[in-house]
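Asks: The primary structure of each chain is shown beneath.
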Amino acid sequence: MMQGSLGKSSNRTPIWALVAKCACRRDPLGTIRTFIFFALFYLYIWLVVEPRFLYAGGGVITNFPVFFKGWEFFRHFLSYPGGLVEYLSAFLSQFFYYSWTGALVVTLQAWLLCLCTGYFFKAINTPRLRWVRFVPPILLLAVYAQYAYHFVTIAALLVALICVSLYIKLSSKTESPTSPSLAKGPAGKLFDLALFLVLSVILYALVAGAYFFFAALSVIYELLFKRRWQMALLYLLLAGAVPYVQGVLFFGASIIDAYTDSLPLSWKILSWATRREMVEIVYALYLLLPLTAFGLGLLRIFGQKSPLLKKHNKGRASRDLKKRLPGKPPNLVAAILSTYTASPILRCLIESVALFAIAGAVAFFFHNDEQKTLSAIHHYACRRMWPQVLHTARRNPNSNFVVNAVNRALYHTGRLAYDMFSYPQHPDALLLTAEDRVLAYWHKFDTQIDLGLMNMAEKNLVECMEVYGEHPTILKRLALINMVKANYGSAKVYLAALSKTLFHTGWAKNYQARLQSDPNLSNDAYIQHLRSVCLKNDHGSLFYAKQNALSTLLQNNSKNRMAFEYLMAWFMLTKQLDKFTENIKRFDDLGYSEIPRLYEEAILIYVYGTKKPVYLGDRQPTPEARRQIEDFSQTFNRYRRNKPAAFSELADVYGDSYFFYHLYGFSGVKQ
Amino acid sequence: MKQEHKSKMPRVACALVACVLIICALVYAFRENKVAIGQYNSVARPPEIYPDYSRAVIPPNIAPLNFLIQESGAHFCLKIYSKQGPTIEVFSRSPKIMIPENAWHKLLDMNRAEQLHFDVFVKPKASSSAPKMPNDKWNKFDTITNKIAEEDIDSYLVYRKIPPVYAAWRQMGIYQRNLHGFDESLVLSNKYFGEGCLNCHTFCNNRTDKMLVGIRSPQYGSSALLIDNGTVSKIGTKFGYTAWHPTGRVAAYSINKVNQFFHSSRTEIRDVLDFDSLLAYYLVDSKTVKTSPPLAKKDRLETYPTWSADGRYLYFCSAPLSWSDHRTVPQNYDQLKYDLVRVSYDVDHDQWGELETVLSAEDTGKSILLPRISPDGRWLLFCMCDYGCFPVYQAGSDLYMMDLKAARQPPEASYKYRRLDINSDQSESWHTWSSNGRWIAYSSKRKSGVFTRIYLAYVDEQGKVYKPILLPQKDPTYYDSCLWTFSVPELVTEPVRITKEKLGRVVRSSRKISVDMPVTMATPTAGALPSHDEPWRQERQ
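Each protein sequence line maps, in turn, to chains A and H.
Position one of the first sequence corresponds to residue 1 (my numbering), numbered consecutively onward.
Position one of the second sequence corresponds to residue 1 (my numbering), numbered consecutively onward.
Hints listed in this document are in silico derivations from the structure and should not be mistaken for laboratory results.
Here are the computed lysine-lysine pairs in the DSS-like style, where the Cα-Cα straight-line distance is at most 30 angstroms:
id, chain 1, residue 1, chain 2, residue 2
1, H, Lys512, A, Lys268
2, H, Lys366, A, Lys536
3, H, Lys447, A, Lys536
4, H, Lys500, A, Lys268
5, A, Lys643, A, Lys579
6, H, Lys500, H, Lys474
7, A, Lys69, H, Lys447
8, H, Lys447, A, Lys476
9, H, Lys161, A, Lys476
10, A, Lys69, H, Lys125
11, H, Lys106, H, Lys467
12, A, Lys509, H, Lys96
13, A, Lys268, H, Lys502
14, A, Lys268, H, Lys161
15, A, Lys69, H, Lys500
16, H, Lys161, A, Lys509
17, H, Lys257, A, Lys546
18, H, Lys125, A, Lys509
19, A, Lys69, H, Lys161
20, A, Lys476, H, Lys96
21, H, Lys298, H, Lys287
22, A, Lys476, H, Lys474
23, H, Lys257, H, Lys161
24, H, Lys500, H, Lys512
25, A, Lys509, H, Lys474
26, H, Lys474, A, Lys69
27, H, Lys512, H, Lys297
28, A, Lys509, H, Lys447
29, H, Lys257, H, Lys210
30, H, Lys96, A, Lys69
A quick note: this is a predicted structure, and the numbers were derived from the prediction, not measured.
Given these sequences and hints, build the entire structure.
Replies: In structure tokens form, the structure reads like this:
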């Protein structure tokens, strides 16, 4: 029996230990560095980027995929090229629901890119350039730090890169002297051609247009590294034909999609501004290896003596240095270089520091804190995590979307009538009016549901569904709204769809069971509450006129406290204090034991300004409130009613008051 | 190394053989065993099944009516039998019954005009069996009986699949379904022209060799794709609701200034109003568009054209235009009701006759919409709803049938019509006739809320419409979680053979047949055809 490295051993060592041992034997320091790099990468993505905010989307990511269990959903992806990588990406993207699992997925993607890139450089005999393998993960850091979503196209690139590695690995055997049957020559070329074709067909079905990455690298490899120009030419022709034959003729895709799907230059990405975010980085990812390989190939042909092409030899480097300077003592630079090349630990240390410094710089400078704040606030608001909403809002309080969530949080914590002017406020933010209406819908449907504007919320949600897909966040709310409206037929469809998602099955099944046992949901307190506040008047004009809608909500149910507080907030924001004071009589219906601070201020402004009395029943503004308005007036008068001059002093003391907002038209300035 | 290689081969071969054997064993173990049901307990009621395929008339060439048995049990059995042919037995551990296609087709084909029986057996779960019903005994429910029609239904059904709202034109496609089986294929989707709207697919005499599809694209403009015997051309204007003249030489279509608005508190949120509309017609031979005074009155809204079977009359809906502001939904939008009118037409001389009212909204108290005439010219199927022009958004929209050839009552009376029994408390609309006039397909929102589904119903020679069946799917629970809306079904005798790539290419092409409109709508501005480049609401990022 032959013995050798593959011979039987009496002591069976686990595979993972063998791999680790092998890696450490080759480059122990490099292995440790790679481990630390990806550990830090993972921690950064998990704790700083927090993929759960990508899942939430913030209304910016419009191509975050949905995923449903079952054959029906999967079947659709088989009908077009690139469908399978989309399906896989859709599945893996769902793990962004939890930050730690999402970070794991992203890290795995980055690591595989690193591994395959390193393998490629090793395979083309340029180990000195193996450091380039860290470039793709660093570029990924930039993409995710900006809260851009390009998972699908990067996954397609990864699959193509794996196929490149496979091609190089399998076709290399043709040069093996121990396999005479696969020697160079016609048989070897035929084998390589067949291999290329088989991989092309499989890969194209998997990744559609990203196949060109594989084709380009294969052509370059054949032309410049194996010096087989006929093969390269043949591959080039096949690369042009495969998408047409498979994509257009077999799958029936449009010719544009057949050649561009899954590529970052697909119209499905470039047609939308939000999807174009960081697409240049994805271009860089796609072009990195082909351009590098092309350059190396040319160098190989025309620059034989290039140091890049020479294998690294620790001892030889310092011997070379001595040869160049025979008999002369080395100068400082030469000494440093000599030490650098001679000491693997020092070299590793310096390279590691450089790597981590670059990665750290990318992570720092690319991090989009504003987008993170917006996504985080929406995420917390959707989950009714009010303290987190208010805390996070301090980081970026000026966005109308943030203000909308803040007001909702303030209402639900009983503070809207006390603290709303501690934050920046604007009439457009209360019920959100924005240029991009679908983005506005994404941020306000929960406010509408809470108020009782069910139809408005439903309309906004289905328009969001068209733009963002059948996101579980949307399906859940559509199911809820239809249950509130007693449209059980529609509700059941949404619930059934939701039960096929990965992380919302429990909620859906719970309501499916409830509908069985309690068809009218008469025992569901939340549904009953929403039914009680639901707008009952049907009129087209109520759909867009905020003030009318809020007033009508109150007419339908005088105990709709949120509608009341939002209406009062609206009157304050638009300075309609006459209407504000007309609604004070509702205090009794709503059980206010005292006049909230901001309402006191508004009442006092009205009374002092118009000299008209306001009936408050048993309630009166507090002496403190009276003292404040007088102090405010005196301070303003002291500056001869010069607003800019009085700003600093008034902001310091009254920046969170309605007095300040009423005078200046903005708020949230008190620190 | 070679010897090692050789010694590995038998091991690999053994492993492969072992795998195959294991797989075979698993398949055998988990196959549904046929069980001879000897004794059983009779349950004196029919079983609850979904969809409800009971007491209906079914096409002899329809796909298997797979359904879900909504009874609690551990094992399920279905026996299907008719007058002739072997009984089909289906055993299942799940309540989903998947009927074998070949056996189904053979049974139906040999029993046309006969009854078809379903016997459902359920074996209770061990823990839930009542004392009087031993565990090992099956429960048999009352037999479900359907009738197999004599006449086939058209082989294909073409429909539009869209999300419940289509304001942003993201996902939209026209699909065709082979009614013999479950295959559904894409005719064209808006992905082939960078997203836009496509609808109003119309076929001449239920055939696909002559058809029209309306396109609205921000990038490539509004147009109508004309498919004529394998040739695809683009007409440079959008056709609204379109109807082919039986000769195929003329296509009448509507031009609608559509406005969608929303209800703040109603089950159906959306509503539609035509601020203005008129009818025009396209002459295929001369490639021209024309209109005529009866079709385009300044003080009327004309829409939903349909031709009589002999092509001598054009029927359509007409309502008074009582507003001049085309930006604001009028306060009295819910008072708008359409009459059913017709005008005679001589296709050889391109001459129109006088307008006459067939059925007036004043008489019915409802808005009369979507007239469709059976191929034999006898029956006029239409829907009526409380107001407006878009019955799919009106829960009260119901289907009605009018006998065109029945003797009229004294001249002052109108044609007789009746409300069909197949209506539900939700919207019924978008109806179509099969080429033999024996089947109708229509969209209904019964039981599915905002999601329209397609139903098929048999119409006998006396015009009686039988209980409809839901368009069958391979998985009977498909509709439970299906978030698509199926609208505008059209029965056709053959599939659309032009590839979607070709259709998309024509849409994207700049070559088109230019047409000029000789008359404008009831607005002060004279000039070209109204633009349909803007969707109702175009998404802005």
